[in-house]
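Asks: Work the whole structure out from these sequences, hints included.
Residues per chain, in single letters:
2 protein chains.
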Amino acid sequence: MAALRVSRISLLRPIPSGARALGPKARPFSVSAVRTAASSLFPDEPARPTVKTDIPGPVSKKYIDDLHEVFDTRSLNMLADYNKSIGNYIADPDGNVLLDVFPSCYAQIASIPLGYNNPGLIAASKTPEMVSAIVNRPALGNFPPYDWADTLRSGILKAAPPGLNQVFTAMAGSDANETAYKAAFMYRRQRERGGPQAAFTEEELNTSMNNTMPGSANNLSILSFKTGFHGRLFGSLSTTRSKPIHKIDIPAFDWPQATFPQLKYPLEDHVAENEAAERASLEEVEHLIQTHHAKPAAVVVEPIQSEGGDNHASPAFFRGLREITARHGVLLIVDEVQTGVGATGRFWAHEHWDLPSPPDMVTFSKKAQAAGYYYADPALRPNLPYRQFNTWMGDPVRALLFRAIFEQIQQRGLVAQAARVGDYLYAGMQRIAERYPDQVANLRGKDRGTFIAFDSPRRDEVLHRAKSLGVNVGGSGATAVRLRPMLVFEERHADIFLEVLEKIVAS
Amino acid sequence: MAALRVSRISLLRPIPSGARALGPKARPFSVSAVRTAASSLFPDEPARPTVKTDIPGPVSKKYIDDLHEVFDTRSLNMLADYNKSIGNYIADPDGNVLLDVFPSCYAQIASIPLGYNNPGLIAASKTPEMVSAIVNRPALGNFPPYDWADTLRSGILKAAPPGLNQVFTAMAGSDANETAYKAAFMYRRQRERGGPQAAFTEEELNTSMNNTMPGSANNLSILSFKTGFHGRLFGSLSTTRSKPIHKIDIPAFDWPQATFPQLKYPLEDHVAENEAAERASLEEVEHLIQTHHAKPAAVVVEPIQSEGGDNHASPAFFRGLREITARHGVLLIVDEVQTGVGATGRFWAHEHWDLPSPPDMVTFSKKAQAAGYYYADPALRPNLPYRQFNTWMGDPVRALLFRAIFEQIQQRGLVAQAARVGDYLYAGMQRIAERYPDQVANLRGKDRGTFIAFDSPRRDEVLHRAKSLGVNVGGSGATAVRLRPMLVFEERHADIFLEVLEKIVAS
Numbered sequence: 001m002a003a004l005r006v007s008r009i010s011l012l013r014p015i016p017s018g019a020r021a022l023g024p025k026a027r028p029f030s031v032s033a034v035r036t037a038a039s040s041l042f043p044d045e046p047a048r049p050t051v052k053t054d055i056p057g058p059v060s061k062k063y064i065d066d067l068h069e070v071f072d073t074r075s076l077n078m079l080a081d082y083n084k085s086i087g088n089y090i091a092d093p094d095g096n097v098l099l100d101v102f103p104s105c106y107a108q109i110a111s112i113p114l115g116y117n118n119p120g121l122i123a124a125s126k127t128p129e130m131v132s133a134i135v136n137r138p139a140l141g142n143f144p145p146y147d148w149a150d151t152l153r154s155g156i157l158k159a160a161p162p163g164l165n166q167v168f169t170a171m172a173g174s175d176a177n178e179t180a181y182k183a184a185f186m187y188r189r190q191r192e193r194g195g196p197q198a199a200f201t202e203e204e205l206n207t208s209m210n211n212t213m214p215g216s217a218n219n220l221s222i223l224s225f226k227t228g229f230h231g232r233l234f235g236s237l238s239t240t241r242s243k244p245i246h247k248i249d250i251p252a253f254d255w256p257q258a259t260f261p262q263l264k265y266p267l268e269d270h271v272a273e274n275e276a277a278e279r280a281s282l283e284e285v286e287h288l289i290q291t292h293h294a295k296p297a298a299v300v301v302e303p304i305q306s307e308g309g310d311n312h313a314s315p316a317f318f319r320g321l322r323e324i325t326a327r328h329g330v331l332l333i334v335d336e337v338q339t340g341v342g343a344t345g346r347f348w349a350h351e352h353w354d355l356p357s358p359p360d361m362v363t364f365s366k367k368a369q370a371a372g373y374y375y376a377d378p379a380l381r382p383n384l385p386y387r388q389f390n391t392w393m394g395d396p397v398r399a400l401l402f403r404a405i406f407e408q409i410q411q412r413g414l415v416a417q418a419a420r421v422g423d424y425l426y427a428g429m430q431r432i433a434e435r436y437p438d439q440v441a442n443l444r445g446k447d448r449g450t451f452i453a454f455d456s457p458r459r460d461e462v463l464h465r466a467k468s469l470g471v472n473v474g475g476s477g478a479t480a481v482r483l484r485p486m487l488v489f490e491e492r493h494a495d496i497f498l499e500v501l502e503k504i505v506a507s
Numbered sequence: 001m002a003a004l005r006v007s008r009i010s011l012l013r014p015i016p017s018g019a020r021a022l023g024p025k026a027r028p029f030s031v032s033a034v035r036t037a038a039s040s041l042f043p044d045e046p047a048r049p050t051v052k053t054d055i056p057g058p059v060s061k062k063y064i065d066d067l068h069e070v071f072d073t074r075s076l077n078m079l080a081d082y083n084k085s086i087g088n089y090i091a092d093p094d095g096n097v098l099l100d101v102f103p104s105c106y107a108q109i110a111s112i113p114l115g116y117n118n119p120g121l122i123a124a125s126k127t128p129e130m131v132s133a134i135v136n137r138p139a140l141g142n143f144p145p146y147d148w149a150d151t152l153r154s155g156i157l158k159a160a161p162p163g164l165n166q167v168f169t170a171m172a173g174s175d176a177n178e179t180a181y182k183a184a185f186m187y188r189r190q191r192e193r194g195g196p197q198a199a200f201t202e203e204e205l206n207t208s209m210n211n212t213m214p215g216s217a218n219n220l221s222i223l224s225f226k227t228g229f230h231g232r233l234f235g236s237l238s239t240t241r242s243k244p245i246h247k248i249d250i251p252a253f254d255w256p257q258a259t260f261p262q263l264k265y266p267l268e269d270h271v272a273e274n275e276a277a278e279r280a281s282l283e284e285v286e287h288l289i290q291t292h293h294a295k296p297a298a299v300v301v302e303p304i305q306s307e308g309g310d311n312h313a314s315p316a317f318f319r320g321l322r323e324i325t326a327r328h329g330v331l332l333i334v335d336e337v338q339t340g341v342g343a344t345g346r347f348w349a350h351e352h353w354d355l356p357s358p359p360d361m362v363t364f365s366k367k368a369q370a371a372g373y374y375y376a377d378p379a380l381r382p383n384l385p386y387r388q389f390n391t392w393m394g395d396p397v398r399a400l401l402f403r404a405i406f407e408q409i410q411q412r413g414l415v416a417q418a419a420r421v422g423d424y425l426y427a428g429m430q431r432i433a434e435r436y437p438d439q440v441a442n443l444r445g446k447d448r449g450t451f452i453a454f455d456s457p458r459r460d461e462v463l464h465r466a467k468s469l470g471v472n473v474g475g476s477g478a479t480a481v482r483l484r485p486m487l488v489f490e491e492r493h494a495d496i497f498l499e500v501l502e503k504i505v506a507s
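In the order they appear, the protein sequences are chains A and B. Each residue of the first sequence is one higher than the last, beginning at 1 in full-length UniProt numbering. Each residue of the second sequence is one higher than the last, beginning at 1 in full-length UniProt numbering.
For the record, the hints were derived by calculation from the structure and aren't laboratory data. One or more of the hints may lead you astray.
Same chains, same label: a pair holds when it works inside one copy or across any pair of copies.
Said to hold, decoys possible - Cut-off 27 Å, straight-line C-alpha distance, at most; resulting in silico cross-link-like pairs (BS3-like, lysine-lysine):
1. K295 - K243
2. K158 - K61
3. K503 - K446
4. K158 - K62
5. K226 - K446
Replies: So this is what it looks like as structure tokens:
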């Protein structure tokens with residue numbers, strides 16, 4: 001077993017001396033004695049990271065040079081050896097094995113939910129059902145497998161947010177959002193026409209073929225927030241407002257953007273200011289809904305702006321957004337591509353908000369491995385077939401995997417674990433922030449599971465040093481360090497991260 | 001084995017009498033004696049279709065009603081039982097087993113390359129490599145597997161069109177095209193700026209965040225052809241000009257469209273007219289390149305307009321397009337999402353054209369199961385990392401499957417087989433067209449493998465009756481019947497189709 005080899009390397013081989021070797025000493029906080037059910041999932045997971053070379057090391061460099069000839073590697077962070085990766089640890093071909101605390105920005109960008117080489121998922125991937133899904137890939141809109149409803153009900157829909165009982169399946173976050181936008185545009189125009197029975201006019205049919213109004217709804221829009229991220233295809237990129245490098249040189253729709261509240265930390269010291277910021281943001285949303293030349297068919301929002309630097313807002317803000325959108329007949333799309341599937345301590349992050357009525361659509365991808373949007377209102381199915389349609393409409397392979405992921409999350413109580421470990425991690429972070437306030441600022445993510453972030457003036461140095469000390473970390477925004485452990489992250493892993501972080505900020 | 005059960009049903013059970021039972025008699029053309037290597041692939045494939053009930057039958061109806069509660073089924077054509085489907089035959093839960101001649105429009109929309117439950121692909125789907133790709137899904141731009149270059153070189157890149165040696169991997173046809181468009185926009189703006197070293201201006205950086213010029217390239221476009229289809233996300237849909245139902249109510253970019261030559265058939269009777277139509281189309285392209293307010297960064301074209309009704313043009317037309325685009329510094333993107341991977345009798349349909357220089361980008365999906373775009377010019381990699389990027393950037397599961405598909409195609413000579421069976425099928429079609437000219441018009445696709453289509457004034461009736469006679473057929477455009485057999489389609493399958501078609505048109 002490759003997995004066994006990893007644990008031998010890091011546990012049985014003599015640990016080299018020097019900064020790279022993380023011995024069992026110098027732990028700032030005691031290793032938690034808590035052993036959850038999840039522990040037994042990865043009996044061969046290493047106890048500590050092992051760093052043997054610079055990263056990338058000589059073997060990796062050779063592979064990277066070769067890969068670069070045919071595939072752009074300039075965004076490459078670490079060349080992985082997934083055969084040797086296990087649980088919370090990612091390995092490379094040079095024998096380095098890092099604690100992958102941050103599968104968000106870097107390691108798989110928050111998309112690995114339950115650890116590398118998870119035995120339950122391996123079992124699910126070997127079933128005859130999975131094999132059939134690989135080799136007999138259906139066009140789900142035309143020729144669904146007869147048991148597709150069962151696959152959905154026992155998986156994707158079992159995991160559905162409260163109040164949403166239907167799904168349109170997609171391939172990844174970008175097209176999950178774009179198909180949700182399309183549903184919103186069709187819904188809006190259908191309402192304007194007088195309902196699903198109203199026919200298209202000849203003029204609408206003809207002009208749609210020329211990309212002009214009234215057939216193309218160029219007077220409608222999707223309203224998004226500044227510093228938000230919703231994907232990188234043409235429609236989703238028009239709502240993405242994260243960084244110029246994501247957007248420059250690509251044509252974009254002239255759609256409105258509102259300011260996302262920029263909260264000040266610690267929250268308890270800035271209550272009035274933060275309330276004012278949220279109120280101003282909501283007023284701006286309402287103003288744009290009322291006045292923008294391209295009327296918003298929907299507002300799209302992330303529960304926590306992730307790519308933009310882990311920007312939070314209060315449940316009251318989101319309840320306000322739900323109220324304003326409902327009052328103006330504008331749909332509310334909650335983009336849970338990064339926040340969904342447990343890491344915030346609730347299965348869906350918007351469950352923290354106590355909304356009076358559910359979002360109209362909730363999009364998902366990443367940790368779900370599958371993608372798409374949930375909804376409930378039957379009117380969100382366009383009035384005719386083939387309006388919301390494409391060849392594959394998702395991938396049953398990934399739908400089956402999401403089912404297995406959801407089962408394991410439920411059986412092992414991993415959402416509650418993320419809440420508990422998140423509290424533990426946050427408390428540890430708070431202690432470091434108090435001791436090194438210049439190095440760890442704007443700590444945020446309290447009561448949001450392991451969705452924790454902070455700002456560091458030495459951000460890039462922190463990321464680099466953390467890696468050399470065996471911890472794979474991600475950054476986002478300009479100075480933010482985002483923590484994105486998997487759902488199988490436990491207190492003992494948090495201890496290693498906190499030890500490494502303190503070592504870095506103290507130096 | 002489920003597969004065995006199928007053959008028992010159709011071969012050993014008494015064949016019911018009546019129109020639905022296709023006995024071994026009444027074959028208009030002799031069954032070919034040709035037995036290729038491919039025959040042995042599916043020893044349990046039925047000899048004939050079996051139709052036991054209306055489609056959908058009572059069992060299917062129950063499943064469909066149930067599915068419709070959570071998943072829009074209005075585009076559903078046939079509920080499939082993939083466990084019982086085999087080779088060229090698709091089964092349903094009512095015991096119907098249809099010859100799936102047309103995996104284009106209907107059965108999986110031309111995306112099943114090598115038959116249902118292909119044993120070689122089943123073997124590939126059970127390897128440890130595949131299992132790892134399922135459970136350890138990487139963010140390929142950040143953390144590629146160390147052997148990703150090898151996976152590409154032995155698969156996706158081994159299948160690359162002549163002259164193109166690099167790839168950007170994607171999820172499906174729409175985002176394959178959209179990422180190709182993004183590459184074209186960045187390339188164009190980079191050239192306008194004076195090359196990859198030229199920096200963005202502050203104004204460009206700032207305006208890009210507001211979706212306005214000069215940061216957003218709203219003065220650039222992608223030129224596409226009328227009746228073309230390139231996908232249904234916002235950028236690709238702006239280039240799709242197939243049907244209003246695909247486009248209505250969705251905002252679209254004001255991009256130019258040129259007329260695709262509308263050839264008259266039989267070709268040999270309309271030589272001068274068709275040449276004039278192609279010349280006029282090329283002149284229109286050049287005129288739009290020179291005058292349209294949104295300057296085309298690229299022209300995108302299908303080798304055979306598929307969704308638009310199987311519209312062909314001559315190799316000379318495409319050579320002209322290559323010449324005009326090259327002369328004006330406009331990129332040529334050939335969309336081989338539907339035409340690629342062998343069915344036209346060449347691996348890539350554009351290999352029929354004898355181009356003086358390759359297309360700048362070639363997009364692929366469907367039968368490749370994987371997706372993305374091929375290119376060669378290093379300048380098509382944007383000047384900075386993270387400009388062309390997303391979380392998953394494709395799916396190694398599907399990359400491994402494409403490798404297995406390509407290996408089987410090569411080992412069994414399936415491209416040559418598609419050419420040979422296509423000639424056989426075309427000849428059979430021609431005989432029917434001569435006998436029933438009112439029913440089978442504009443036969444097209446000579447020398448294009450099995451990519452054959454015709455127009456039928458009774459198109460919808462033909463499709464419906466074919467299904468009741470055990471053949472699953474697809475339509476496209478207004479009157480077109482498109483044939484899209486898989487690459488494992490042989491003369492003996494063609495005989496069944498021709499027999500059924502003649503039965504329908506004669507009635």
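Asks: Each hint needs a verdict: does it hold in this structure or not?
Replies: Structure-based check of each hint:
1. K295 - K243: both (24 Å within a copy, 26 Å between copies)
2. K158 - K61: between (44 Å within a copy, 23 Å between copies)
3. K503 - K446: For K503 and K446, the Cα distance is within 27 Å only inside one copy (23 Å; across copies 72 Å).
4. K158 - K62: Only across copies: K158 and K62 sit 21 Å apart there, 45 Å inside one copy, limit 27 Å.
5. K226 - K446: Within one copy, since 23 Å is at most 27 Å while 54 Å is not.
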